[in-house]
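Asker: Chain residues, written in single-letter form:
2 protein chains.
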Amino acid sequence: MKQVAIGIDIGGTNSVFGIVDQDGNVIVKSSIDTPQHGDVERYVADLSKAIDQLINESKLSEDKVEIMGLGVGAPNGNYYTGSIEYAPNLSFKGVVPLVDLLKKHFDVPVIALTNDANAAAIGEMVYGGAKGMKNFVMITLGTGLGSGIVVNGDLVYGADGFAGEVGHTTIIHGGRVCGCGKRGHLETYCSAPGIKRTVFELLAEYNGGNSALADKSYNEMTSKMVFDAAEAGDEIAIKAFAKTGEILGRAMADTVNHLSPEAIFLFGGPAAAGDYIFKPTKEAMEANCLPIFQNKVKILPSKLKSGSAAIVGASALVWKELEKKSVENVVE
Amino acid sequence: MKQVAIGIDIGGTNSVFGIVDQDGNVIVKSSIDTPQHGDVERYVADLSKAIDQLINESKLSEDKVEIMGLGVGAPNGNYYTGSIEYAPNLSFKGVVPLVDLLKKHFDVPVIALTNDANAAAIGEMVYGGAKGMKNFVMITLGTGLGSGIVVNGDLVYGADGFAGEVGHTTIIHGGRVCGCGKRGHLETYCSAPGIKRTVFELLAEYNGGNSALADKSYNEMTSKMVFDAAEAGDEIAIKAFAKTGEILGRAMADTVNHLSPEAIFLFGGPAAAGDYIFKPTKEAMEANCLPIFQNKVKILPSKLKSGSAAIVGASALVWKELEKKSVENVVE
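Chains A and B, in that order, give the protein sequences. Using the numbering used here, the letters of the first sequence correspond one by one to residues 1 to 332. Using the numbering used here, the letters of the second sequence correspond one by one to residues 1 to 332.
One chain only, chain A, in its complex shape (with noise of 0.2 Å):
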């Protein structure tokens, strides 16, 4: 019998969720609204509702398929506790025993959660380029900047279950505001947003630069405008990303000093913007690391698939779960 696992990701506007097997692949997927009400016991149970559908409709019969579990990537998710805590972006308030309302509706070796970035670095452990490595750091640049911290071949979940807020690290002292009130932190610079903010910041400084991006408005301007402009040979969007790079190469040499990762993973839309990005990072990390990590801590684009990664960074939860699981068995 094929074991599968499910995974589920949970965003501001749409969750998304798959049935996926153990080596990555997405069998069947779907998504429904995440609701605007706040009322998480009714969601809940109609997200149980749509994975049945999913399942049934997939006619992935129990006899060909075992579930092995349910994983959930969602803002805020703490693996620990297994709720969704204040979550600013979503509308169920306060702390959400997500888990545990789950588990009414499935009875399935593993239910599990952590937040999206997290379980993006379980994905690329699981299925993805990371298999093997016991150390490395997963940099996920999207709207922000999440990370996944692997230590010890175990994702970091710190105290509290919220360790691994890399771009939530000042990196500029009083720099540029950041969604969370603070200042000067790696996201405001390495992210889609960030990187806009940056071409703003040129465009000022060159007086338009004779930029192609100087016809377009803070609003409708996209990171991936700014890559199609470097590809053309606009030089304001081509300094905005080895700036971007500078920066998150900058911020990389401190989370080496602090961990000596083997390699750093970098996830979304802004790293498929290739070497525009990945030199500089490589360059300004290697120039401000401690000598000792010279040359050793490899920068890799994700193995995980754009379209499908939240629901397969999710998933590798369950199989991550399993094999804790095995572990302890034998020490008990």
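Certain hints may be false.
As the list claims (entries may be wrong) - Using 27 Å as the maximum straight-line C-alpha spacing, the simulated BS3-like pairs for lysine-lysine come out as follows:
1) A:K182 <-> B:K296
2) A:K134 <-> B:K134
3) B:K296 <-> A:K93
4) A:K182 <-> B:K282
5) A:K296 <-> B:K182
6) A:K134 <-> B:K325
Claimed, not checked - Every beta carbon over 12 Å from chain B, so not counted as near; a handful from chain A, in silico:
7) V28
8) P35
9) A214
10) D215
11) I247
12) D275
Said to hold, decoys possible - Across the chosen pairs, the derived CB separations fall in these ranges:
13) A:G274 <-> B:E201: 39 to 49 Å
14) B:N152 <-> A:S217: 45 to 55 Å
15) B:G175 <-> A:G181: 24 to 34 Å
16) B:Y80 <-> A:A50: 44 to 54 Å
17) B:K325 <-> A:P109: 22 to 32 Å
18) A:D33 <-> B:G175: 34 to 44 Å
19) B:N219 <-> A:K134: 41 to 51 Å
20) B:G233 <-> A:K279: 49 to 59 Å
21) A:V177 <-> B:G181: 32 to 42 Å
22) A:K303 <-> B:Y80: 24 to 34 Å
23) B:F200 <-> A:D215: 48 to 58 Å
24) A:Y80 <-> B:A287: 18 to 28 Å
25) B:F200 <-> A:K224: 49 to 59 Å
Simulated from the structure, these hints should not be mistaken for lab results. Note that the coordinates shown come from a computational prediction; the quantities given were computed from them, not determined experimentally. The beta-carbon is built from N, C-alpha and C at its ideal position, and this holds for glycine as well.
We have chain A; now place chain B onto it with these hints.
Answerer: For chain B alone, coordinates are given in the frame of chain A:
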């Protein structure tokens, strides 16, 4: 039979060692010069002889105590390889296979090596204020700023054995020159010399500021003098501690954002300044860490005794290794 461990701390000028019981009490201790001749085999032979002599002189005859192992703290000590690698302040050049050399002289269950700050962290975990903590950070303030990071109850060694170099994270881009050749590193601000450098900046800024410290040359000033001046109400001295704490707290916020530890321990001379340093450190950490971590992370003085901490920390490696071995035996 009472079980004991031998802790060895190899410094640039002295090698101190002692016999330590399971509660962290140093039963007897001694020291030899760390030689400047670079002949490591001769040094290990001399060290081993001195340790044997200490055991014999202490009249801990072998039917009363059992020596469970040797733990060594040394600059650039690599836990994984058991070697001291390219230590700038020791006369032994290149890669020195210290553990292998010690094994020729001692037949004990454990011989293990790490750097001094990691040893201090393990000491804090085994005997000190971090007993029972699974996630914490040890900061040692001395000539430099050393750190040991504990995640899930284990020291973080990283991919290469050298993780935990928080002193070399960049806190002020382009700032003070560090001993490693880079600029703006945390230890150039938060260490015994770092405090002195801050005093000299402040004396320059305030044109002496009516401070008693304005009578001291750079070479004669110590961080202890700064503490004494602060106690006497000297404003430059008080400001110097406030700035040191403010910078340390900002750095600790970034460490918290990575690791979400339960506590951060401060150890060493400057930490003896108590509230002069703890208060601004705590305030700056709280002001700069992500709201989700606020009012969660304790900043605590180390409970290791300053006179014997190096020996005690190194000896703790032995108990930690024995604990790991017993878990591994069950798993296998």
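Asker: Each hint: holds or not?
Answerer: Evaluation of the provided hints:
1. Of the supplied pair hints, the one linking K182 of chain A and K296 of chain B holds, its CA atoms being roughly 18 Å apart against a limit of 27 Å.
2. About 19 Å separates the Cα atoms of K134 of chain A and K134 of chain B, which keeps this hinted pair within 27 Å; it holds.
3. Taken as a hint, the K296 of chain B and K93 of chain A pair is honoured in the structure, with Cα atoms around 21 Å apart against an allowance of 27 Å.
4. With a CA separation close to 17 Å, the supplied pair K182 of chain A and K282 of chain B stays within the 27 Å bound.
5. Only pairs whose Cα atoms come within 27 Å are accepted, and K296 of chain A paired with K182 of chain B is accepted, the gap being roughly 18 Å.
6. A hinted pair counts as satisfied when its Cα atoms are at most 27 Å apart, and K134 of chain A with K325 of chain B qualifies at roughly 19 Å.
7. No Cβ of chain B approaches the Cβ of V28 of chain A within 12 Å, the least distance being about 35 Å, so the stated non-interface status holds.
8. For P35 of chain A, the condition that its CB be more than 12 Å from all CB atoms of chain B holds, with the nearest at approximately 24 Å.
9. Non-interface call for A214 of chain A relative to chain B: holds, since the shortest CB-CB distance, roughly 29 Å, exceeds 12 Å.
10. Annotated as non-interface, D215 of chain A keeps its C-beta farther than 12 Å from every C-beta of chain B; the closest such distance is 33 Å.
11. A beta-carbon of chain B is positioned within 12 Å of the beta-carbon of I247 of chain A; the least distance is around 10 Å.
12. Once the 12 Å rule is applied to beta carbons, D275 of chain A is consistent with being away from chain B; the minimum gap is 24 Å.
13. The beta-carbon spacing between G274 of chain A and E201 of chain B, approximately 43 Å, falls within the hinted interval of 39 to 49 Å.
14. In this structure the supplied range 45 to 55 Å holds for N152 of chain B paired with S217 of chain A, their Cβ-Cβ distance being about 48 Å.
15. Judged by the Cβ atoms, the range 24 to 34 Å given for G175 of chain B and G181 of chain A holds: they are separated by roughly 26 Å.
16. Against the hinted window of 44 to 54 Å, the Cβ-Cβ separation of Y80 of chain B and A50 of chain A comes to about 48 Å, which satisfies the hint.
17. For K325 of chain B and P109 of chain A, the hinted distance range of 22 to 32 Å is satisfied, since their beta carbons lie about 31 Å from each other.
18. Evaluation of the 34 to 44 Å hint for D33 of chain A and G175 of chain B yields a failure: the beta carbon distance comes to about 49 Å.
19. Hint check: N219 of chain B to K134 of chain A, Cβ distance near 46 Å, so the stated range 41 to 51 Å holds.
20. Distance hint for G233 of chain B and K279 of chain A: a CB-CB separation of about 54 Å, consistent with the stated range 49 to 59 Å.
21. Remark: the range hint 32 to 42 Å for V177 of chain A to G181 of chain B is upheld by a beta-carbon distance near 34 Å.
22. Hint check: K303 of chain A to Y80 of chain B, Cβ distance near 27 Å, so the stated range 24 to 34 Å holds.
23. Look at F200 of chain B against D215 of chain A: about 52 Å separates their beta carbons, and that is inside 48 to 58 Å.
24. Checked against the hint of 18 to 28 Å, the pair Y80 of chain A and A287 of chain B passes, with Cβ atoms roughly 26 Å apart.
25. Hint check: F200 of chain B to K224 of chain A, Cβ distance near 50 Å, so the stated range 49 to 59 Å holds.
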